[in-house]
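Student: Single-letter residue listing:
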Amino acid sequence: MAKIVVDPVTRIEGHLRIEAQVDGGQVTDAWSSGTMFRGMEIIVQGRDPREAWIWTQRICGVCTTVHAVASVQAVENALGISPPPNALLMRNLISGAQYIQDHVIHFYHLHALDWVDVTGALVADPAKTADLAQSISPWPLSSKAYFTEVQARVKALVDSGQLSIFTNGYWGHPAYKLPPEADLMAVAHYIEALSWQRDVIRMHAVLGGKNPHPQTFLVGGIAAPVDPNSPNVINPERMNLMASLLPTMRRFVEEVYLPDVKAVAAFYPEWFGYGAGHRNYMSYGGLPNGALDDEALYTFPRGIILDGDLTTVHPVDPAKITEAIAHSYYQYPGGQDSALHPFDGVTDPKYTGPTPPYEELDTAGQYSWLKAPRYDGKVMEVGPLARMLVAYGAGNQKVQELVNGALEALNAPPTALFSTLGRVAARALEAAYLLDWMDTWLDQLNKNMNSGDLRIADTSKWDPSTWPSEAQGFGPHEAPRGALGHWVKIKDQKIANYQAVVPSTWNAGPRDEKGQTGPYEASLIGTPVAVEDQPVEILRTVHSFDPCLACAVHVVDAKGEEKVKVEVL
Amino acid sequence: MAIAMTDPPPAAADRPPEPGAAVRRYVVLGLGNRIQGDEALGALVVEMLDRPDGPLAALPDPGAVEAIDGGTVGLALLPLIEDLDGLVVVDLIDGREEPGTLQDLDGMLLLRRDIVMGVHDLGATELLATLQLMGSMPQRVRVVGIQPMSIHLGTELTPAVGAAVPALVRSVVGHLRAWQLEDGSDG
Numbered sequence: 001m002a003k004i005v006v007d008p009v010t011r012i013e014g015h016l017r018i019e020a021q022v023d024g025g026q027v028t029d030a031w032s033s034g035t036m037f038r039g040m041e042i043i044v045q046g047r048d049p050r051e052a053w054i055w056t057q058r059i060c061g062v063c064t065t066v067h068a069v070a071s072v073q074a075v076e077n078a079l080g081i082s083p084p085p086n087a088l089l090m091r092n093l094i095s096g097a098q099y100i101q102d103h104v105i106h107f108y109h110l111h112a113l114d115w116v117d118v119t120g121a122l123v124a125d126p127a128k129t130a131d132l133a134q135s136i137s138p139w140p141l142s143s144k145a146y147f148t149e150v151q152a153r154v155k156a157l158v159d160s161g162q163l164s165i166f167t168n169g170y171w172g173h174p175a176y177k178l179p180p181e182a183d184l185m186a187v188a189h190y191i192e193a194l195s196w197q198r199d200v201i202r203m204h205a206v207l208g209g210k211n212p213h214p215q216t217f218l219v220g221g222i223a224a225p226v227d228p229n230s231p232n233v234i235n236p237e238r239m240n241l242m243a244s245l246l247p248t249m250r251r252f253v254e255e256v257y258l259p260d261v262k263a264v265a266a267f268y269p270e271w272f273g274y275g276a277g278h279r280n281y282m283s284y285g286g287l288p289n290g291a292l293d294d295e296a297l298y299t300f301p302r303g304i305i306l307d308g309d310l311t312t313v314h315p316v317d318p319a320k321i322t323e324a325i326a327h328s329y330y331q332y333p334g335g336q337d338s339a340l341h342p343f344d345g346v347t348d349p350k351y352t353g354p355t356p357p358y359e360e361l362d363t364a365g366q367y368s369w370l371k372a373p374r375y376d377g378k379v380m381e382v383g384p385l386a387r388m389l390v391a392y393g394a395g396n397q398k399v400q401e402l403v404n405g406a407l408e409a410l411n412a413p414p415t416a417l418f419s420t421l422g423r424v425a426a427r428a429l430e431a432a433y434l435l436d437w438m439d440t441w442l443d444q445l446n447k448n449m450n451s452g453d454l455r456i457a458d459t460s461k462w463d464p465s466t467w468p469s470e471a472q473g474f475g476p477h478e479a480p481r482g483a484l485g486h487w488v489k490i491k492d493q494k495i496a497n498y499q500a501v502v503p504s505t506w507n508a509g510p511r512d513e514k515g516q517t518g519p520y521e522a523s524l525i526g527t528p529v530a531v532e533d534q535p536v537e538i539l540r541t542v543h544s545f546d547p548c549l550a551c552a553v554h555v556v557d558a559k560g561e562e563k564v565k566v567e568v569l
Numbered sequence: 570m571a572i573a574m575t576d577p578p579p580a581a582a583d584r585p586p587e588p589g590a591a592v593r594r595y596v597v598l599g600l601g602n603r604i605q606g607d608e609a610l611g612a613l614v615v616e617m618l619d620r621p622d623g624p625l626a627a628l629p630d631p632g633a634v635e636a637i638d639g640g641t642v643g644l645a646l647l648p649l650i651e652d653l654d655g656l657v658v659v660d661l662i663d664g665r666e667e668p669g670t671l672q673d674l675d676g677m678l679l680l681r682r683d684i685v686m687g688v689h690d691l692g693a694t695e696l697l698a699t700l701q702l703m704g705s706m707p708q709r710v711r712v713v714g715i716q717p718m719s720i721h722l723g724t725e726l727t728p729a730v731g732a733a734v735p736a737l738v739r740s741v742v743g744h745l746r747a748w749q750l751e752d753g754s755d756g
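Sequences listed follow chains X and E, in order.
Here the first sequence stands for residues 1 to 569, numbered as in the numbering used here.
Here the second sequence stands for residues 570 to 756, numbered as in the numbering used here.
By construction, these hints were calculated from the structure, which means they are not laboratory data.
None of the values given here were measured: they were computed from a predicted structure.
It is possible that some hints are incorrect.
Using C-beta positions, here's what the derived DEER-type ranges look like [unchecked claim]: (1) X:Ala-145 with E:Thr-724: 46 to 56 Å; (2) X:Asp-362 with E:Pro-728: 49 to 59 Å; (3) E:Asp-619 with X:Asn-229: 49 to 59 Å; (4) X:Asp-29 with E:Arg-739: 46 to 56 Å; (5) E:Thr-670 with X:Ser-230: 46 to 56 Å; (6) X:Gly-515 with E:Arg-739: 17 to 27 Å; (7) E:Thr-670 with X:Tyr-351: 57 to 67 Å; (8) X:Glu-237 with E:Pro-621: 42 to 52 Å; (9) X:Pro-414 with E:Gly-623: 42 to 52 Å.
Built from N, CA and C at the ideal position, the CB exists for glycine as well.
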């Protein structure tokens, strides 16, 4: 029996640490720990609620826009503001582009190398690679000459000793199952995705006013004026620019991302059997196609799936959300075993863990900087898989077509979705699902502009003197990583309390006062580990959630010491 | 409330060349999390440089330089820094020095060290390595930074780091000036 420690899991210093007990070649227990304090709530106390989004979008780099959306929606909810359709359409376009970019980047640049062996790419036969690529997709970059060139480029970097990005893999590990040709194809697409994403993000530059941090969010709407006859606003020229980006998004998702996910999954069928966890899934729902609170018209339905039962979608009652701290480095007035609703949430840090550097966490006591969110006392997984399952269960026709098509192609039953690869597949299917919506949203925005509906904001409550002396609001949003909620209490025109429960807190949180494991912890149990000091299998399952423990700290390491530590204790 | 929209920054290849002159592009990229104490360094330096009467105004060709607050956005920054004539990254640097120590490194040398990849929240070295893989490495890269004191929650720099900022800005401007002179920009 051995205990394996992977720290950090995101390959960046100080965020997520996994300790796993391994017995007989598989994980028998696991602990997930956020190793850094995130206290954005404290930063916004006392500030003007209209500027909370500016601060909250700095919680997390890659997720800038999602916190801005959740924050303005929380304040709108508190003050009873209904943003006009154009504002919601533009928010959806920004969100949709974010999803599609994020999912592709996650697959190729965070996750693929858990499945793809770069050293395989170096020995692949380019002609066979071309045959493989052409057999699964019409994507034009698929000739023998092209793969020969990619292979030479990667080889040149390896030979120069500078293949920096790929240096830290477990290359040659027995858990890698792809033929070399699939490795080479995936590495080529890894590089292509880097160039592709630059076009996708231009959507944010057009609608966001400024890149990389959009400046156009606004309580009540969006600060991007729409006018067919004016320069420097959203006008026909910019509509055309956005329209030209959509086919670029679509082709890569449909002809590269989806076929690659299917191709990789086909070589790892056993991974549809690992990583299920509790099989409770929650989606707040979102990306509205009607009024902000018109759930029936959400792009992603709101709901809960319990214990893997896809025949019943349960409603979400936001009043049933709580956060426990029994195993977290915080204290509540009601004691360590109490739980609080986010409206009454308290962020009062109290570190009780070992003094770093330490070998092991105190898993019997407090061991994480994350709280443990629960819904009605139950553990919930959030994210693309949760959204696709809720939509599937709720009878969303397009989602059912996509999911059933993928299951058929992989010859897998619906229960296969409750797994590590199920998360990977759901993310790709979700990107495909959003492609049509992107077309729809842009088309509708265009129609509104041409019919003279140029409203972008409801500013009737912009002036704080129009506000009640006290108000509170909930801003639910589906971020690429899952259900995100901001809760705001406003008193005398200032923020009196603010809480954000982010997707990775739901998924990566620790045990609660009843000893219930968090989703990462539960999903790791049963995961095979072939080589204890190279636990690529653990990374596969944790990375399948797209872990992102916010507020990255960027310190350039001038001494180049090893940052990822894997220890067998 | 409504702000004027600006054109999205064109990719390097999309920029029309000016007749008779090579178009030069230089970027100062501030990295880091605005709400993590000394991590705000990159953003604050960019704010200082971005003012019309700021320190960049004295350069031979201030118009060729863009100061960008990259936050912790990661790979989404790539289109802004591909194929440049010169890139200065401003970030915290851990060189096991005293807090507040200014450090000025050759970006190419950083790449020879062991690098870890974390796309979600990746730092300067990972960005550079990715540019290299894409074949879009800037002509010159400097990574200029300061040894941090505290990266705990907060929106202000610690005094030790704050005191080193003027020297850091001089260093950044010095690189840009030297590059522009080398590239034949006479103002």
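Student: Hint by hint, say whether it matches the structure.
Tutor: Hint by hint, here is what the structure shows:
1. Taking 46 to 56 Å as the suggested C-beta distance range, the pair Ala-145 of chain X and Thr-724 of chain E conforms, at roughly 53 Å.
2. At about 35 Å, the CB distance of Asp-362 of chain X to Pro-728 of chain E disagrees with the hint of 49 to 59 Å.
3. Between Asp-619 of chain E and Asn-229 of chain X the CB atoms are about 31 Å apart, so this pair departs from the stated range of 49 to 59 Å.
4. The hinted window of 46 to 56 Å between Asp-29 of chain X and Arg-739 of chain E holds, with their beta carbons roughly 55 Å apart.
5. Remark: the range hint 46 to 56 Å for Thr-670 of chain E to Ser-230 of chain X is upheld by a beta-carbon distance near 51 Å.
6. Between Gly-515 of chain X and Arg-739 of chain E the beta carbon distance is about 57 Å. The supplied range of 17 to 27 Å is therefore violated.
7. At roughly 28 Å, the beta carbons of Thr-670 of chain E and Tyr-351 of chain X sit outside the given window of 57 to 67 Å.
8. Distance hint for Glu-237 of chain X and Pro-621 of chain E: a CB-CB separation of about 27 Å, inconsistent with the stated range 42 to 52 Å.
9. Under the hint 42 to 52 Å, the C-beta atoms of Pro-414 of chain X and Gly-623 of chain E, about 59 Å apart, miss the expected range.
In summary, the structure is inconsistent with hints 2, 3, 6, 7, 8, 9 from the numbered list given earlier, while agreeing with the others.
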